[in-house]
Amino acid sequence: MAKTTDPLAVPAPSFWRDPDKRAIVYQGLVLAVIGWLVYAMVSNTANNMEAQGLASGFGFLKSSAGFGIISTPFVPYTEEASYFVVFLVGLVNTVIVAFVGCVLALFLGFFIGIARLSKNWLVQKIATFYIELFRNVPLLLQILFWYSAVLKPLPGPRELHEKGEEVFFSINNRGIIFAEPVGQPGFENVWYALFAAIVVAWLVSKLAAVRQMRTGKQFPSFAVGLLLIVGLPLVTYFALGRPLDMVPAEMSRFALSGGVTIIPEFVALLLALVIYTAAYIAEIVRSGIQAVSHGQTEAASALGVKPSHRMRLVVVPQAMRVIVPPLTSQFLNLTKNSSLATAIAYPDLFSVFAGTTLNQTGQAVEIMAMTLAVYLTLSLLTSGFMNWYNSRIALVER
Amino acid sequence: MATTDQYSGGGIVNAGDLPDKPAPIRTDGAIAWMRDNLFDGVSNTLFSLVAFALVLYVLPPALGWLIFNANWSGGAEACRINPDAACWPFVGARWEQFLYGFYEKSERWRLNIILAVLALGIAWLVWEKAPARKFAALFMLSVFPVFAFIMMYGNETLGLPIVDTPQWGGFTLTLVIALSGIVASMPLGILLALGRRSKMPVVSLLSTVFIEFWRGIPLVAVLFMATIMFPLFLPAGVTFDQLLRAVIGVSLFASAYMAEVVRGGLQAIPKGQYEGAMALGLPYPKMMRLIILPQALKIVIPGIVNTFIGLFKDTTLVLIIALFDLLGIVQASIADPNWSIKSVPYTGYVFVAISFWICCYGMARYSRYLEAKLHTGHER
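Those protein sequences? They're chains A and B, same order as listed.
For the first sequence, the working numbering gives the first residue as 1, with consecutive numbering after it.
For the second sequence, the working numbering gives the first residue as 399, with consecutive numbering after it.
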């Protein structure tokens, strides 16, 4: 068969002129360089660790820590506990401060963001002042300020209380101390009542929504739900004869013993994180609300929607679409910034694990790997949750 | 239809005079302004009163502490007598240390020259009618860092005695870390952004992993790694300066954020620009260098300034790895027993806060001005 050559056929490009083949060569080169870098790093690290006489591996996690930690909520901790327990303590402390911080910063940020848009001149100026002041001062400085300039100079327990005094509430340089609520037999019924109230309130709101869809009649499900959730446990509590004792702290010779203590490190870190992040969230909320076209507000007014409903049912749901993505990165920032705890020795993951444990054991690679894995996981979890929420509120287009 | 006495005789002409209408409410002047902006309705009035009480509660004591009752002259003795107000003599006695750190006293003129050139360079960048402005960015990104390093570190052949990095400190160290971080992170960030948008799967995956890794970990962890891990990664015997390690860590950290800013700019360039460049037969590097990046980088200048503000504030974290930036040196100074006065820590922190606030607020205003300026025209 004779070869027919198409005069219009494009000749196959030479090797270097073909983008596909060129791409393969480039990627191969990139892989080779990265691979060499990783190999050099790993082998250097292995050599260096051997030279320093360090065993690799996670065996050190089982050995006893031998140092005290000032605050170990939810995890039973003694000085004999292993380094793995130290890791857990740090993790719990980090998660607590990050979670509480995110929730409080969200509320404060929303409040200030709305105040920033207030028609009231004075309120608006105060909100602007707050935002510009706290956004432009380094967070570490704010943490140090709250800790060493505000909380540490407070009077000590000895100056405030006499020996043997029963203390129900006290703020001093050892932290915030209040009486510990201790449930008596029967108190668990209050928890059951609370749980039942939440279930019933949820059912009521679902039924109310169904009824409204069918008949158009509204039912004050939020007020009823709130009344149930607050009221039912309270009624149970009093019906059972108040089975809860407040056990006060007692002043011994030098310090208060007993009671519940919130350490000043936690308070300082939380205050600084919340105040700093709220300034950013306020700006996000402001720009989100401003992004909702004014025509939406006018249309709602024209339909006769009440001002309060106008905000809640028309403006805020649309603003949330603009607010949520940057809000997510603020939550991530807050979580990462909680590692600044190490500057004031709040026992978060960084401070007790990447700090004290690393200094004691010298297992830098393993400890940093675990610590970074935790932060990356927390980041992934937070952004996963916020993405789920974002997809729920995202614009549904036909 | 309701008729009134005024329409007598069914005509349309009024028989008598209508009663005078009240004078219109004033719409200008201080009182009208206050009524419209402060006392417009019951809830608004309540808000105003609460806000006013808040201002009254906070402002006079704060101003009194900062200015009116503050100690402005005299040494530690004056502050000890009046410990319930700011102690500015403390800052007056230490300001050279706050600015230059432990830098050799006889060599501080070198820092002054660097700071002066820096100020001139920034003015050149910012002032829109400056001559030869297109060279300003080039100068600041390439010539200035080399010049500043030689001046600061010293060079024996030029007759400048060497001042080693442990002596660097104070506000100049803050500037060194923040500026070298941003300058080094620019090219890396641009490369990463291009890599992330690349069609080559290996390149885009590696860039994405790199960016997300650095964005997912706190800067404290980066600085810890720079001090503890970095020496482990290097061959035995090779050591790096502590400051250089911190700067490398900060630069890698900043480059990930820079990459995301630049990527935003790249995404904002319409596809027609890419297609136009390709239709002209420009290869990829030329397309990026001549067509895409000049447009993309211009629209992300506000984003770059915002990244820089964040980096500038974050340089304070180096005090955790025992480098003495402005905050670190003030923190060390307030522990001086000669100044163990109640007001000194507050004064020190307030001084640092004011310094950072002025810098950051200034940059933020500039970034907002640029955003407003860039907002005209090509809005999509």
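Since the hints were derived computationally from the structure, they do not count as laboratory data.
Note that the structure is predicted; figures quoted are calculated from it, not measured.
Treat the hints with care, as some may be off.
Here are the simulated lysine-lysine pairs, BS3-like style, with alpha carbons at most 25 Å apart [stated by the list, open to error]:
1. 306/A <-> 217/A
2. 306/A <-> 119/A
3. 740/B <-> 597/B
4. 152/A <-> 597/B
5. 21/A <-> 532/B
6. 163/A <-> 152/A
7. 684/B <-> 532/B
8. 684/B <-> 21/A
9. 669/B <-> 771/B
Per label pair, the in silico range of CB-to-CB distance [unchecked claim]:
10. 153/A <-> 425/B: 37 to 43 Å
11. 678/B <-> 52/A: 29 to 35 Å
12. 454/B <-> 156/A: 28 to 34 Å
13. 369/A <-> 451/B: 41 to 47 Å
14. 771/B <-> 99/A: 39 to 45 Å
15. 471/B <-> 156/A: 33 to 39 Å
C-beta atoms are modelled at their ideal positions from N, C-alpha and C, and glycine is treated no differently.
Hint by hint, here is what the structure shows:
no., hint, in the structure
1, 306/A <-> 217/A, "holds (17 Å)"
2, 306/A <-> 119/A, "holds (18 Å)"
3, 740/B <-> 597/B, "violated (62 Å)"
4, 152/A <-> 597/B, "violated (56 Å)"
5, 21/A <-> 532/B, "violated (39 Å)"
6, 163/A <-> 152/A, "holds (22 Å)"
7, 684/B <-> 532/B, "holds (19 Å)"
8, 684/B <-> 21/A, "holds (20 Å)"
9, 669/B <-> 771/B, "holds (24 Å)"
10, 153/A <-> 425/B: 37 to 43 Å, "violated (52 Å)"
11, 678/B <-> 52/A: 29 to 35 Å, "violated (58 Å)"
12, 454/B <-> 156/A: 28 to 34 Å, "holds (32 Å)"
13, 369/A <-> 451/B: 41 to 47 Å, "violated (53 Å)"
14, 771/B <-> 99/A: 39 to 45 Å, "holds (41 Å)"
15, 471/B <-> 156/A: 33 to 39 Å, "holds (34 Å)"
Comparing the model with each numbered hint stated earlier shows that hints 3, 4, 5, 10, 11, 13 do not hold.
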